[in-house]
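*Asks:* Can you join these two chains into the complex? Each is in its own frame, and there are hints to help.
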Amino acid sequence: MVLPIVRRVVAYITALGLLCGLLFPRVAQAQSSVQLDLKGVPLEEALNTVRAQTGLDLVYAERLVSNRTVSCTYTGPDRTAALRCVLQGTGLEAQRVRRRQYVLVKAPSTKKRSRRRVALSGYVIDAETGERLPGAHVYLTALQAGTTTNRDGYFVLSALPPGTYDVRVSYLGFSTVDTTLTAGGSPTRISLDPAAIESEEVLVEAGSTTAEETSQVPGMTSVDLARLDRLPSFTEPDLFRALQWTPGIRKTGAVNGGLSVRGADPDQNLYLLDGAPVYHPWHAFSLISTFQTGTLKNTNLYRGAFPVEYGGRLSSVLDAQMKDGNRERPSAVAGFGVLSGRFRIEAPLSSNTSFMFSGRRSYIDKLIGRTHPVTDQSGRRDTLRTGYYFYDTSAKVGHRFNEKHRLTLSYYHGRDDLDLRLPFDLSLDFDSWLRPTNLFFEVKQNWENRVFSAQHQHLWSEDVFVRSTAYYSGYQALESSFVQPTTTASLASEYSVRLHDAGVKVDVNYHHSVSHEVSTGFKLSTLQFESTLDSEVFRSTSLARRRQQESDLGAIQVSGYVQDVWSPTPEWTVQPGVRVSYFSGGDHFRVVPRLSARYTVDPTWLVLRGSAGMHVQYLHRLRDRHSVAYDLVSSRWVPSSSRVRPSTGLQLGFEARTHPRPDLTVELDSYIRKTRDVLVPSDVFQEKDDIEGPGINVGALLGQYTRGKERAAGIELSAVYGDGPWTARLGLGSGRTMVRAPGRVQSGLRWRPSDLDVPFTLRGAFGWTGSSWSATLATEWRSGYPISAPVARYQVGDPVESDPVTYLYRPRINNNRLAPYFRADLTLGYSFEFLSADWTTTLTLFNVTNRDNELSRSYEPTPAGVDVQSQRGLPILPLLEMEMRI
Amino acid sequence: MPVLRSTPIRFLLQALLAIGVMFMLVKCDWGSTPVDEQSLVVEAFLDTDEPLPPVLLRQTAPLTGADGQRPKTAEGARVLFTLGETEIPYEESSQRPGQYLPVRDTVVPPQVDWQLTADWDDESARASGQTAAPITIRQVCVDVPSQPAEAIQVDSLRRDSLDIPADQGYLYPIDVTVRWDARSSSPERDSTIWVRAQLRPDASAFSSEVVDFFLEPAAIQRETAYRRTTDARRWTGVYAVPVDSATAPLPRHSLTTALTRGDTAFASFAQTRTDPDRREPISNVDGGLGVALAVSIDSLSKTVTDSLARNEHPQCWISGGS
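Going down the list, the sequences are from chains A and B. Be aware that the first sequence starts at 1, since it is given in the working numbering, and climbs by one per residue. Be aware that the second sequence starts at 887, since it is given in the working numbering, and climbs by one per residue.
The following block holds chain B by itself, in its conformation from the complex (with noise of 0.2 Å):
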C-alpha cells in the first residue's frame, strides 16, 4: 500500500520546493508599487472682489535634519493664473524666495473660472475651481455669562489609566451668534457651496482637551444646512476664555468672527486640516501638495468686555455698524 514509502523525504522536498515555488511566484508581485511622491507644496487663496493673491511655493522637507531643517521655498518656478479667458502670468516676489505674485492688478470677480499652473523642477502642480460668490456678516451677537463656570483640566477623554491627574479651573463660555446674507440661487449650485464660521478670540485658550470637546468655536457645513430665518442664515458657536477664580471678572479681548465661503474642495481642506497624527489635508492640487481654493471672506472683530457679563441680553453688532 504504502508506494512511496521509500521515498517519503523526496516528497516532502518536493513539497516544500512546490510550496517555496508557489509563494515566490504568488509574492513576485506584491512588492510595494513606487509611489509618486511630492515634493512642491502650492498654497494660494483667492479672495472674491480683492486683488488677485500671491501665490506661495515651498518644498517638503525631511523628517529630521541637521540643525532643525525647516521646509524649503520652491524658487524659480513659472507660475501661470488663468482667471475666466484671461492668462495672468505671476514672477517671483525679489524681497521674498518662493512667494509669486501677478505681473498686474487684478480684482478677483465673483463665480468666474479659474486655473492654476506651477512649474517647478520638472514638477508640473495644477488646480482649478470657480471663484465664490460674495458672503456679508449682517450681525454678531455675543451672550456673556454672569460669572466663570468651574472646569475640568485633563488631557483627554481616555480614562484607560488610574493615574490620569486633572486641575481645576474656571472659564467664561461665550455663546456667538453670527448671520449673514442668504444667498437665492438654485438648489442645486447651493449643495457644493460651504460656509465655515469661526471664532477667533485673541484671549488664552483653557489647555484641556475634555472642554475643548465641548466647545464649538468653529463649524463647517454645506451652506444650506445653517437655519435660514428669512433672508439670513446664522449659527451659534460657543468659546472659551480662562480666569483664575470664580469671581474674576472677565478679561479684555477681542473677538474676530470670520466666514468664509468656499466650494467642496476648500471644505475638504477645511474639515481635514486639524486630522489626527498632523496629516495631510486633503489637497485640491493635482501633481502637488498644498491647496489653491477659492474663498470668499468676511469677518467682525469687536472688543469683548466685562461689562457684557452684566447684560441679561446679548450685546449685538451690526457689520458696519458700531
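Bound conformation, chain A alone (with noise of 0.2 Å):
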C-alpha cells in the first residue's frame, strides 16, 4: 500500500518538476562571464551593459547617473567586480538589497556610514472610515520588492540604502495609490479611497497587487467584501455562502450543512474572529453563518496550506477581523431581510478611540408568534408554543495610546433559540394545530457562541511588531425535549454540551531586511469539554429508565512556530516554517515543517506558487448516531487522548496565477491531500433510529467510530472577469476524495468515494451593476453525492422466524452517486435615496429554473424489485432584502 503513495507524491513532483524545468536557463545564463571594455561611455549606457551581461537588478534615480561617464576594463566571472569597475570614479556606490539586486547611491565620507541602513515604514488607512487597513500591498515599483501591511495596517521594509522610492499601494476594493516615500523617515500615513464598484476594474499591472497576489501561499483567498453582497446568497449578505464561489469551497447540504474545503469534513476548518476560535459558526440550522460581512473589514481564507502561524486544523483557515469602527464621522446601516433584521453603528469617540457596534435578530417568531393560548369545546386550555429565533450582538472598540501602542477590544455573542410545543398532527389544516392534546412533543433547543478577544499591539521599533492576544472563546448547547405519544409512554431528555477555550499568544514579525521577515509565535491554551444527559424514557406505565451522565475532558494545548520569508531575488519568495504543538490529552508532540514558496515568472503573465506541509488536529467533532434524543444540534469535539490519536496531514499545492488581460485574472490550483487517524463512522449506514442510543460517555461515542485514512487531490481553475459595470467569475473544479478505514464493510478495507467526493464542479456567476440597478446571475452544477446503492437482493431466515426477510446487497459503500445537481440564482438590485438615506433592495430568486434536485435516496425492497424514493430540494423561492444606510 505504501508503493501507490509514493509514486502518486513522486508524480506530483515530476510533474511540478516539468513546470520549473523553464526556469533552469535562466539560472544557467547568471553563471556566465563577463566582459567590460568602456571608454568615456555615459555612465547610463555602461550600466545597462553590465545589467544585460551579468543579470544584476540595478536601481538608481535617473538624476544620479545623468551627465556622467565611465571608463571602465574588466574581463571575469565576478559580477560585483564589474560592477565596481563601471562605478568607479563616479563617486556613487552600489549597495546590495538582496541577490542579484542592488541600489545606487552617492558614496558617503565615512566607510562607517556607507553601511547605513534605514527602514520604510507607514499606515495604510481607509480614507473614507480612518480605518487602518490590514493585508494591503506596499510594492517598491524599481527594486520589485514589496510587503503587506499587518492587522494594525502598519508596513515597514528594512534595510534600505536611504533615499526615496516610487511606492505603490493596493488594497481590494480600494483605489490604488502611487507615491514616492523617504526611507530613514518617521512612519508614513498612506490613504486610499474606496474604490466605485460599478467602475472598479480589476486591473493588474505591476505591483499592483493584492495580500491574494503577494501571498506565498497557494489557495490563498482575500474575500471582497465590498463584492460580496452583490453575489447571491439564500436569505442576506453571508460570508460562507459568498465564499462557496471560491473552488474547492461548498457546503455540505444543498442549503444547510457545513463548509467542506476540497472534500475535507467541515470539522476540519478553523474559522477565527479577531484571533478567537469560533467553533459552531452557524445560525438556523447551518442555513447562514454567524460572520456578517458588515461587521469586518478584513478576510482571508487559506484552502490546504496555510503559514505556520496557523494550527489546529486539517483542511482550512478562515481568518476574520472585525471593524474597528469609523474614525472619522459616525455611520449607521440598517438592513431587513426575510429572516432577520440587522444595523451596526460606528462612530469615533475621541481622536484615539472608535468603537463599532452591530446587532442583528431573526423575526419569524415575532410574525407567528411564540405563544398561542388554546382552548377546546370542554373549557380545557393549553399554549402552544412556536417559538424560534436568533441573534448576533458583535462589538469592537479600538484605542490607540500612541503611535506605538494599540489595543482592541472584540466581542461576539450569537445564539439561536428553538422552543417548540406543538401537537403530532402537522398537516396543513391548522385548525388541528390549536387544539389542546394529551399526544404532543416539546423541543427546547438553544446554541450559542460567546467570544471575546483583546488584541495589543505594539511596535517596539521601526522593525519589530508584537501583537498580543488574550481570547476566551464558549459554545454550548442545551437540547430538551418531552415527547408524549402515548398516555403511557413519553421520554423526557435534557442534554448539555459546553465548550471553553481561553489562551494567550504573542506573535513577532521582524523585518530584517527586504529580503528576510521572520515570525515567531507562542500559544498557550485550555480547553475544557463538558457535556451531561439526564433522560428518562417510559415504555409503559411501570416500565421505566432513567439515565443520568456526565462527561468531562479537559486539555492544555501549547504551540509555537518560527518562519521566514525570504526573498532572496525579485523573482523568487520563499518561507519555510516549522509548528511545534503539545496537546495534554495523551501527552501529543508533534512538529510540523511547512515550506511555501512564489516564483514570478512575470508579474503580469504568469505568478507561480508552491507549498508542502503538514498539519495537526488534536480536536475532533462527532455526533452520536444513533439515538434521536441527543446530539441532534449540538457540535461535540471529543479531544485527543491516548486513546484517540490526533488526526495528521501532508498536503502538497502548486497554483499558477494570470492576467492575460488586464481585467481578466486566471488562476489554476492543483493540490494532493494525505491524512491518517481521522475518525469515520464504523457503519455508515447507522442512523438516528433509536430513542436510547448508547449514551454520552466518550467511549460509547468513539465506539461509533473507526480511525481511517483520507487521501485528495484535485485542480481548480477560476477565472475572474470585471470590464466596467460587468463582472463574470467561473470556478471548475475537479478532485477525488477517498477514505479508506476499517468497519462494517463487506468488500473489506479498500479506498472509497468519502461522503464529500464531488468529482466535477462547474460555477459561474454574471453581474452588471449600474448606478442604481444591478443585476446577478449564479449558477452551479456538480457531480452528485456518493450513495451506497445495492446491487442485488437476497433472502434469509432467523432461527425463530418463519418467513424469511429480503434484504438488499450493497458489497461496496459509495458506489454509486446522486444526479448532477444543477441551481442558477438571479439577483436583482436596486438602490436609491429616500428621506435623506440611501436604500437598496435586492431581490434573489433561489432556483430560478425550479429544478427538482435530487438530494438523497432510499431503496426499499419489494416483492417485484426494489422500490427507490428521492428526497427534492427546494423549488423556485422569491427573497427580499432591504438595507439603509445613513
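Derived by calculation from the structure, the hints in this document are not laboratory data. Treat the numbers as computed from the prediction; the structure is a model and nothing was measured. Worth double-checking, as some hints may not be accurate.
Derived lysine to any residue pairs resembling SDA-like cross-links, with alpha carbons at most 20 Å apart [as the list claims (entries may be wrong)]:
no. : chain 1 : residue 1 : chain 2 : residue 2
1   : B       : 958       : A       : 863
2   : A       : 688       : B       : 1095
3   : B       : 958       : A       : 861
4   : A       : 688       : B       : 1161
5   : A       : 444       : A       : 548
6   : B       : 958       : A       : 804
7   : B       : 1188      : A       : 800
8   : A       : 688       : B       : 1106
9   : A       : 688       : B       : 1160
10  : B       : 1188      : A       : 802
11  : A       : 688       : B       : 1098
12  : A       : 709       : A       : 648
13  : A       : 523       : A       : 591
14  : A       : 688       : B       : 1154
15  : B       : 958       : A       : 791
16  : B       : 958       : A       : 795
17  : A       : 688       : B       : 1188
18  : B       : 958       : A       : 806
Label-pair distances were calculated between CB atoms; the ranges are [said to hold, decoys possible]:
no. : chain 1 : residue 1 : chain 2 : residue 2 : range
19  : A       : 544       : B       : 1078      : 48 to 58 Å
20  : B       : 1098      : A       : 379       : 27 to 37 Å
21  : A       : 623       : B       : 990       : 30 to 40 Å
22  : B       : 1113      : A       : 498       : 32 to 42 Å
23  : A       : 623       : B       : 1113      : 26 to 36 Å
24  : A       : 374       : B       : 958       : 57 to 67 Å
25  : A       : 544       : B       : 1204      : 22 to 32 Å
26  : B       : 1113      : A       : 875       : 46 to 56 Å
27  : B       : 1098      : A       : 875       : 30 to 40 Å
Beta carbons are placed, not taken as given, at the ideal position from N, Cα and C, and that holds for glycine.
*Replies:* Structural data, given as C-alpha cells:
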C-alpha cells in the first residue's frame, strides 16, 4: 500500500518539475563570464551593459547617473567586481539589497556611514473611515520588492539604502495609490479611497496587487467584502455562502450543512474572529453563518495550505477581523431581510478611540407568534409554542495610546433558540394544531457562541512588531425535549454540551531586510469539554428507565512556530517554517514543517506558487449516530487522548496565476492531500433510529467511529473578469476524495469515495452593476454526492421466524451517485435615496429554473424488485432584502 | 526582467500539460478495485438438543427482473457438516430444491465445535463456531393495564415539514417479564454469550413508527447484562395491541415469548437484521452471504385475554405448567 502513495507523490513532484524546468536556463545564463571594455561611455549606458551581461538588477535615480561618463575594462566571472569597475570614480556606490539586486547611492564620506541602512515604514488607512487596513500591499516598483500591512495596517521595508522610493499601495476594493516615500523618515500615513464598485476594474500590473497576489501560499483567498453583497445568497449577505464561489468550497448540503473545503470534513476548518476560534459558526440549523459581512473589515481564507502561524486544523483557515469603527465620523446601517433585521453603528469616541456595534435578530417568531393559548369545547386550556429566533451582537472598541501601542477589545455573542410545543398532527389544516391535546411534543434547543478577544499591538521598534492576544471562546448547546406519543409512554430528555477555550498568544514579526521577514509566536490555551445527559423513557406506566451521565474532559495545548519569509531575488520568495505543538490529552507532541514558495515569472503573465506542509488536528467533532433524544443540533468535540490519536495530514499544493488581459485573472490550483487518523463512522448506514442511544460517555461515542485514512487530489481553475459595470466569475473544479477505514465493509478494507467526494464542479456568475440597478445570475453544476446503491437482493430467515426477509446487497460503500446538481440564482438590486438615506433593495430568486434536484435516495425491497425514493430540494423561492445607510 | 514574456503561451501550455500528467498519474490507481460480489446465500440454524437442521442455499437476484423475479435457489451444491470430529454429508431435498438435509439423524449436542462447507458453482462458503448451551424459560409474567391508552399514529419522529398529518388511536401497552435459568460458567466465556428475548404476539400491530420507538418487544444483550436474581435472569419488555376505542376490551390473542441464546455471530446478525435501508445483516459466512448460526431456543406461548386487564397483579406462567 506504500507504493501507490509514493508513486502519487513522485508523480506530483515530477509534474511540478516539468513546470520548473523552464526556470533552469535562466540560472545557467547568470553564470556566464563578464567582459567590459568601456571608454568614455555614459554611465547609464555602462550600467545597462553590466545589467545585460551579469543579470544584476540595478536600481537608481536617473539624476544620479545623468551627465556622467565612465571608462572601465574588466574580464572575469565576478559580477560585483564588474559593477565596482563601472562605478569607479563616479562618486556612486552600489548597495546590495538582496541577491543580484543593488541600489546606487552617492558614496558617503566615511566608510562607517556607508553601511547605514534605514527603513521605509508607515500605515495604510481607509480614507473614508480612518480605519487602518490590514493586508494592503506596499510595493517598491523599482526594487520590485514589497510587503503587506499587518493587522494594524503597519508596514515596514527594512535595511534599505537611504533615499526616496517610488511606492505603489493597493488594497482590495480600494483605489491604488502611487507615491514617493523617503526611507529613513518617520512612519508615513497613506490613505486609500474606496473604489466605486460600478467603475472598479480588476486592473493588474506590476505591483498593483493584493495580499492574495503577494501571498506565498497557494490557495489563499482574500475575500472582497465590498463585492460580496452582490452575490446571490439564500437570505442575506453571508460570508460562508459567498465563499462557495471559491473553487473547492461548498456546503455539505444544498442549503444547510457545514463548509467542506476540497472534499474534507467541515470539522477540519478553523474559523478565527479577531484571533479567537469560533467553534460553531452557524445560525438557523446551518442555513446562514454567524459571520456578518458588514461587521468585517478583512477576511482571508487559506485552502489547504496555511502558514505556520495557524494550526489546529487540517483543511482550511478562515481568519476574519472585525471593523474597528469609523474614526472619521459616525455612520449607521440598517437592513431587513426575509429572515432577520440588522443594524451597525460606527463612530469615533475621541481622536484615538473608535467603536463598532452591530446587532442582528431574526423575527420569524414575531411574525407567527411565540405562544398560542388554545381552548377546546370542554373549556380545557393549553399553550402551544412556536418560538424560534437567533441573534448576534458584535462590538469592538479600538484605542490608540500612541503610534506604538494600540489596544482593541472585541466581543461577539450569537445565539439560536428554538422553543416548540406542538401536537403531532402537523397537517396543513392548521385548525388541527390549535387545540389542547394529550399527545404532543416539546422541543427546546439553543446553542450559542460567545467570543471575547483583547489584542495589544506594539511597535517595538520600526522593524519589530509584537501582537499579544488574549481570548475566550465558549460554545454551549442545550437540547431539551419531551415527547408523549401515548398517554402511557413518554420521553423526557435534557442534554447539554459546553466547550470553553481560553488562551493567550504572542506573535512577533521582525523585518530584517527586504529579503527576510522573520516571524515567531507562542500560544497557550486551555480547553474544557463538558456534556451532560438526563433522560427518562417511560415505555409503559411501569416500565421506565432513567439515565444520568456526565462527561468532563480537559486539555492544555501549547504551540509555537518560527518562519522566515525569504525573498532572495525579486522573482523568488520562499517561506520555510516549523510549528511545534503539545497536547496534554494523551501527551501528544508534534513537529510539523511547512514550506511554500512563490516564483514570479512575470508579474502580469505568470506567478507560480507551491507549498508542502503538514498539519495536525487534536480535536474531532463527533455526533451520536443512534439516539433521537440527543446530539441533534449540538457540535460535540472530542479531544485527542491516549485512545484518540490526533489527525495528521500532508498536503502539497501548486498554483499558477496569470492576467492575460488587464481585466481578467485566471488561476489554476492543484493539490494532493493525505491524512491519517481521521475518525470515520464504523457503520455509514447507521442513522438516528432509536430512543436510547449508547450514551454520552466518550467511549460510547468513539465506539461508533473507527480510525481511517483519507487522500485527495484535485485541480481548480478559476477566472474573474471585470470590465466597468460587467463582472464574470468562472470556477471549475475536478478532484477526488477517498477514504479507507475498517468497519462494517463487506468488501473488506479498500479505498472508497468519501461522502463528500464530488469529482466535478462548475460554477459561474455573471453580473452587471449600474448607477441604480444591478443584476447577477449565478449558477452551479456539480456531480451528485456518492451513495451506496444495492446491486442485488437476497433472502435470509431467522432462527425463530417462519418467513425469510428480503435484503438489499451492497457490497461496496459509495458505489453510486445522486443525479448531478444544478441550480441558478438570480439577484436584482435597486439603490435609491429616500428620507436622506441611501436604500438598497435586493430581490433574489433562489433556484430560478425551479430544478428538482435530488438530495438523497433510499431503496426499499419489494416483492418484485426494489422501490427507489428520492428526496428533492427546494423549489424556486423569492427572497427580499432591504438595507438603509445613513 | 520578464525573461519569459515572449513565451507565456508556451509556459501556460506546459503548465496545463504538467498538471494533466499529474492528475492522470495520480488518478491511475484510483479506479475502483473490482469487488468479489457474492451470489451464494447460506441459511442454517443449529438448535441445541434438536436434530441437525436443513441448510438452505439461495442465489442473489437482480434488483429488477422480468415478472418480479424472486431470489432463486442454489441447486446441485455439495454440503458438508462437521460436528465435533464427525463429518455429516448433506444431500439435496427432492421435494424442495435448494434445501439440503443431513444423510443421517444427529442431535446437536451443546458446546461442541461445528463447521459448515457448501460448494456451489465455483463458489465455496464456509462457517464455523460452537454450539450453544441450552436455555430454559422459567417463568413469564404478563401485566395488562385496565384500560387502553391514547396513542398517536404518525410515521416518523421527524418534524421537518408542515404537512405531517397524524391520527389518534388506542392501544393496550402490555408489559411482559420473562425469567430464565442463569448459567454458571466463567466470566470470560459469558462475555461471548448473547441472549435475544422476544415478544411475538399474533395480534395486529399498531401502525405508528413513533409509538414503535417506545415499545420494546425485543432485546439483544450479552447474557450477563440482563438483571440477575438468585439463579435466574430476567428481562421486561412491552408490546402493544391496538383497539378501536377507549372502552374496547383487550382482543384475545396468543403471545409467544422466545429466548434465543447464541454467540457473537448470532448477536451481530440479530442486531443488524433490521438495519435501515434493508441493508444486509452481518454475515458469519466466509465466501458467501447469509448466516449459519448455532443457537439454543426456548419459547412459551400463552393466550392473553381481556380478563388479565382486570387483574391487579401480573399473570404469571411457569414453563411446563399451566
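*Asks:* Of the numbered hints stated previously, which ones are contradicted by the structure, given in increasing order?
*Replies:* 17, 19 and 21
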